[in-house]
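Trainee: Residue-level listing of the chains:
Protein chains: 2
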Amino acid sequence: MLDICLLGCGGMMPLPYRYLTSMMARYNGNNILIDCGEGTQIALREKGWSPNPIGIICFTHFHADHISGLPGMLLTMGNAERKEPLLLIGPKGLEKTVKALLTIAPELPFSIEYRELNEKQECLEFGDLLIHAFRVQHNIVCYGYSIEIKRKGRFDAQAAKEQNIPLKCWNKLQHGETVSMDGMVYTPDMVMGADRRGLKVTYTTDTRPTQSIVENAKGSDLFICEGMYGEAEMITKAKSHKHMTFLEAAELAAQADGVKELWLTHYSPSLPKPEPYMKEVRKIFENAYPGKDGKTVTLLFDED
Amino acid sequence: MLDICLLGCGGMMPLPYRYLTSMMARYNGNNILIDCGEGTQIALREKGWSPNPIGIICFTHFHADHISGLPGMLLTMGNAERKEPLLLIGPKGLEKTVKALLTIAPELPFSIEYRELNEKQECLEFGDLLIHAFRVQHNIVCYGYSIEIKRKGRFDAQAAKEQNIPLKCWNKLQHGETVSMDGMVYTPDMVMGADRRGLKVTYTTDTRPTQSIVENAKGSDLFICEGMYGEAEMITKAKSHKHMTFLEAAELAAQADGVKELWLTHYSPSLPKPEPYMKEVRKIFENAYPGKDGKTVTLLFDED
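Those protein sequences? They're chains A and B, same order as listed.
Residue numbers for the first sequence follow the working numbering, beginning at 39 and rising by one.
Residue numbers for the second sequence follow the working numbering, beginning at 39 and rising by one.
Some clues are possibly wrong.
Treat identical chains as interchangeable: a pair holds within one or across any two.
As the list claims (entries may be wrong) - Computed cross-link-like contacts, DSSO-like style, restricted to lysine-lysine with a CA-CA straight-line distance of at most 27 angstroms:
hint	residue 1	residue 2
1	K277	K121
2	K280	K121
3	K275	K121
4	K85	K330
5	K311	K85
6	K333	K85
7	K206	K190
8	K333	K280
9	K188	K333
Since the hints were derived computationally from the structure, they do not count as laboratory data.
Looking at chain A on its own, in the form it has when it is part of the complex (with noise of 0.2 angstroms):
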């Protein structure tokens, strides 16, 4: 089970009735929140969530509006007296941006550790979940993610009997271990189906369309992605900002196989309502949503 909210979809500035894009997901106690900007630890607050179970913060990259609420949120973690560390993850120069917003955030309770990206593609393992970093197209060095959790085969007691496989060793074949035992070898390969579809999440904003992130998006169960302009006639404006427009967007989620759902965000502070243009969207990508402020799913495992 993962919960996915977007805490807003704005791009650029915060406004009255839309905070900042960013997203954050639940899983297992591995909160990860992927940008945050001015404001984000509000819409956290207003959401109901707690900063706390935050263990990493991914950066799509250094813009302002991207990274602006971070010394707010770190301090608010330290007045709840967190020891824990916290990961943050972002494009080269992360340390150094983070440190320079730490000087009005000096004393915080916790460590903060770094890992910064300068491969095109990189992914990060946290046992069965998976960040997958890409990079995107913007006027500067700019990552999408996508977050993964897979899914292991179910394992088969028949097989392990009809194989003489001591009941002690079941567990570990389970947790994936090899076992010696009375001069035997078992392996989990033994006993184990193969893996089952797990779950699949792709966050990018402030980019042009880009292959990588095509490739990325595939089997996503749930595709966020940069709709800055409904307007199909803003392509010229998008193109040179650096953006997308909705339509874009739905060409992306069209071309990565598998995209279950869409939903667009970072709207453009001059377009009050994205709802007029989805008609066209869904021409092109059927099953596509205008991100709003909080909008939340739980995704679940197929049953099996």
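Given the structure of chain A, go ahead and fit chain B onto it with the hints provided.
Mentor: Below, chain B alone, put in the same frame as chain A:
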């Protein structure tokens, strides 16, 4: 005429129903903001006032809840293609602190000027508008501010006629200039009455009660004062964290001669409603009100 808006009234962290404490003054196009924590630009927009006419931002101190909204505010000004320079006023270290924050707002289309405060008491003049900065007592260097509008005396046309002052000198004399004409020297005091009562607003947060507050708040039409805790029993915590209770703020208002009205602000996140404590506050200073987000007043010169 001086418009004052308390944009938010929260201390420490912004909440969904309470922005961080900051104040905006509007006078003759000289708009002044005091403090700019996370969300201040949203509060300003909610009020319906534009950030573009802000010429001066004063900072009480550099804890994040008083300055973390600056990068976003500057970017919003930049997006509106502001060209006019912006003056920032604050304690020593202002330029270094702001330049650190500019890491995430690197390319602004206007210049920033810095005026660092070094003395316990400083006065900055901008025509008939004065900003008095005075040191208060927090756990880092912190200042309070009084904004004062000076008001000249009336021009006495009868006196000008009686002294045979040529008509074409009158305007310059009204504007405080000495005029020499036809071998005569005319000085403003020949035709101008005594200075009239102007307007004064005093704002202070994040401090214990100090004599500097009493001195500077004297004669204020409006005194906006730190009131972190409603309960009188919180005095020990107030002392250790260098804040104030409501009752202490009321004592200051009572001690400062001529304060017309007191607004409390900078509430602890643990204080949901200030109203239940106001009865006791008013026993000390009658004309006291709890600050609220967006609370606004238009102060008018005395009629005479």
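Trainee: Give me the numbers of the hints this structure contradicts, sorted from smallest to largest.
Mentor: Result: no hint breaks.
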